[in-house]
Amino acid sequence: MTVTQRSSLLVRTISTPIILIVILILIAVIAKLVGSGPFSRTVVEMFIRVMLVAGLYIFVGNSGVISFGHIGFMCIGAYAAAWFTIPPAMKAVTLQGLPDFLAQAQLPIFLSAALAGLLAAIFALVVGRIMMRLAGIAASIATFAMLAVINVVYSNWDSVTGGTGSIVGIPFYTGIWTALGGAILVVIIAYLYQISRSGLALRAGRDEATAAAASGIDIVRERLIAFVISAFTIGVAGALYGHFLGVVNPDAFYLGLTFITLSMLVVGGMNSLSGAVIGVIVISTIIQILRWLEKGIDLGGATLSIPNGLQEITIGLVMIIILMFRPAGLTRGREIVWRFGPWASKPSTAGEVAVSKNGA
Amino acid sequence: MTAILQIIFDALSLGSLYAIGALGIALIFGVMRLVNFAHGDYISFCVFAMLWPSIDAAAVVFAGNLPTFILIPLILAIGAGLSVLSEILVFRRFRNANPATMMIASFALGFVLKHFLLMLFSSRPKSIDLWSNLSLPVEVAGARIPLLQVITIVITILILLGLTAFLKRTRFGLEMRAAAENFTMARMLGVKANRVIMLAFAISGMLAAAIGLILATQSGTADIQMGVSVMLVAFIATVIGGLGSLPGAVIAGFLIGGVSVLMQVILPLDARPFRDAFVYGAVIACLIWRPQGLFAPKSAKQRV
Chain A
13 MTVTQRSSLL
23 VRTISTPIIL
33 IVILILIAVI
43 AKLVGSGPFS
53 RTVVEMFIRV
63 MLVAGLYIFV
73 GNSGVISFGH
83 IGFMCIGAYA
93 AAWFTIPPAM
103 KAVTLQGLPD
113 FLAQAQLPIF
123 LSAALAGLLA
133 AIFALVVGRI
143 MMRLAGIAAS
153 IATFAMLAVI
163 NVVYSNWDSV
173 TGGTGSIVGI
183 PFYTGIWTAL
193 GGAILVVIIA
203 YLYQISRSGL
213 ALRAGRDEAT
223 AAAASGIDIV
233 RERLIAFVIS
243 AFTIGVAGAL
253 YGHFLGVVNP
263 DAFYLGLTFI
273 TLSMLVVGGM
283 NSLSGAVIGV
293 IVISTIIQIL
303 RWLEKGIDLG
313 GATLSIPNGL
323 QEITIGLVMI
333 IILMFRPAGL
343 TRGREIVWRF
353 GPWASKPSTA
363 GEVAVSKNGA
Chain B
59 MTAILQIIFD
69 ALSLGSLYAI
79 GALGIALIFG
89 VMRLVNFAHG
99 DYISFCVFAM
109 LWPSIDAAAV
119 VFAGNLPTFI
129 LIPLILAIGA
139 GLSVLSEILV
149 FRRFRNANPA
159 TMMIASFALG
169 FVLKHFLLML
179 FSSRPKSIDL
189 WSNLSLPVEV
199 AGARIPLLQV
209 ITIVITILIL
219 LGLTAFLKRT
229 RFGLEMRAAA
239 ENFTMARMLG
249 VKANRVIMLA
259 FAISGMLAAA
269 IGLILATQSG
279 TADIQMGVSV
289 MLVAFIATVI
299 GGLGSLPGAV
309 IAGFLIGGVS
319 VLMQVILPLD
329 ARPFRDAFVY
339 GAVIACLIWR
349 PQGLFAPKSA
359 KQRV
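Residue numbers (this note's numbering), protein chains in the order written: chain A, 13 to 372; chain B, 59 to 362.
If you're looking for bench data, these hints aren't it; they were derived computationally from the structure. Mixed in with the good hints, there may be bad ones.
Among the chain A residues that face chain B by a calculated CB cut under 7 Å, a handful are [as the list claims (entries may be wrong)]:
1) I78
2) L146
3) A150
4) V164
5) N168
6) F271
7) V278
8) G321
9) I325
10) G328
11) M331
12) M336
Since this is a predicted model, take the numbers as computed values, not measurements. Built from N, CA and C at the ideal position, the CB exists for glycine as well.
Chain A with its partners taken away, still in its complex shape (with noise of 0.2 Å):
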């Protein structure tokens, strides 16, 4: 191997994030030039988006298992940032349940994103133990039931989690820039994950389940590693996206969110990292842009709109259409490299592998 060929080699490994979290920072830059207030809301739920579906893409996009259940970590990371930052004095009025040491305590933001998504994860560990053995449809079921669980005795649970009802006066705190830097992380979490001897050993494994065993590979293992990393990562999107909104309640993490992380991810490209993030970004941007059909756009005095719910639907058949051209998503199941300059790279071979094994 040739120097040139290696460093080839070094830009082909580590461009894919770089390009990534590039487009992410530009989104960032533009949304904080045109400066107005909804459009930002609309950049950190984008972002917020993509730390849920390149955390989902961890599990998903590396095992080759639909999961319906990463949800339920958001839901799980949201209520416990919701237990760790909101002034005691305010739960001992709305949330008398819980054990002394939450009631007191008032920690600082980041540590209590860090033990959210640490509680996801370890959630993770302990039902991931028993659900990992299953695989295909029977652990996608699993993955769902464990969602409704949740949503269950969330819903339930007054004194702790305060039911159906919303729990107010969480901080605001997520902004543009710590939703950008939350989505940079799961990024890079995601990507090393994709390149570490784990998720290389469970990509094998989802690629051809019998070859990946006979080498050795022991793909409940990895498949639990992965489970664990991708819960952690949604958990602290979960904290985030609570100091986004200031409020939380069972209902917003259920199948709605599901079905539209997973449509993202999906229409993106689930075999690939830079699949989920345009997934999201490609998506996003359509709904705002039908968002803004819906409200009217002037053009030249006569004001042009489309009918008020006319954004689902549109949203819907172009999801159905995208994938009718693209079957395994926009990206292909490939990544993004970079293919210019001195060290210009071949795409990845083991890409085209696996879109011809799963796209096909």
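Given chain A's structure and the hints, the job is docking chain B onto it.
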């Protein structure tokens, strides 16, 4: 004794709904490996097809006023038509896509249907008066059972018998069972793929319409969300029963209905709000115990 009879009837009538739903999902999964998340929205669509589009709280009944012997075939036809139409327009193009892509496409279709209904009818639940005299109780061996429960159970049994006869005794049924067993092989032996798949979608749509009629009569309301909860449980039932196994789907549907009703009775009062958590916990336990489902067809066995 009468209390036990009451519980049995509750369990059977709830299980009936789940069983018919599971059957509708399993039929389509059998022939094209598609988990159809739009199924719940077919159910809602069929209910709303009885109303005239309006965003008022009081429903403007339209087709619902027709005499029963026209109304029922009409709603069944609407369900079948919607289902077949979605096959022709959407799912036909996903025949060779991987399961995740198909699943998301079906979800997107359901999303479109749901918001189409929302646009026409708004999100407020509407009251709808459909055969309300059926909720009067009847006396069965000393227990007072709502007539509707009895009718639901009888209708379900009739549907199951009819479908079994269709699948076992007719040429189309034979083709469908062959396609569910091994689709490629069936095609090689002269089964026409499009015809079998469209037939499966038509039957599945009719089953969705049947659920819609029963639900609307039971609850007396038309709600956009009403189909989804049944669909989710039905989906779980198809997996527990063993994906691709029709009898398995039906039995698992009744099983989940039975367990739900039983939990409601035997759980201590404090734990009752958490009933669904126990039911879903049982689902996970069942999957761990039998990952391939209770009645897995031979073709579904993983070789690793």
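Quick rundown of the hints versus the structure:
| no. | hint | result |
| --- | --- | --- |
| 1 | I78 | 5 Å, holds |
| 2 | L146 | 5 Å, holds |
| 3 | A150 | 5 Å, holds |
| 4 | V164 | 4 Å, holds |
| 5 | N168 | 4 Å, holds |
| 6 | F271 | 5 Å, holds |
| 7 | V278 | 4 Å, holds |
| 8 | G321 | 4 Å, holds |
| 9 | I325 | 5 Å, holds |
| 10 | G328 | 4 Å, holds |
| 11 | M331 | 4 Å, holds |
| 12 | M336 | 5 Å, holds |
Of the numbered hints listed earlier, not one is contradicted by the structure.
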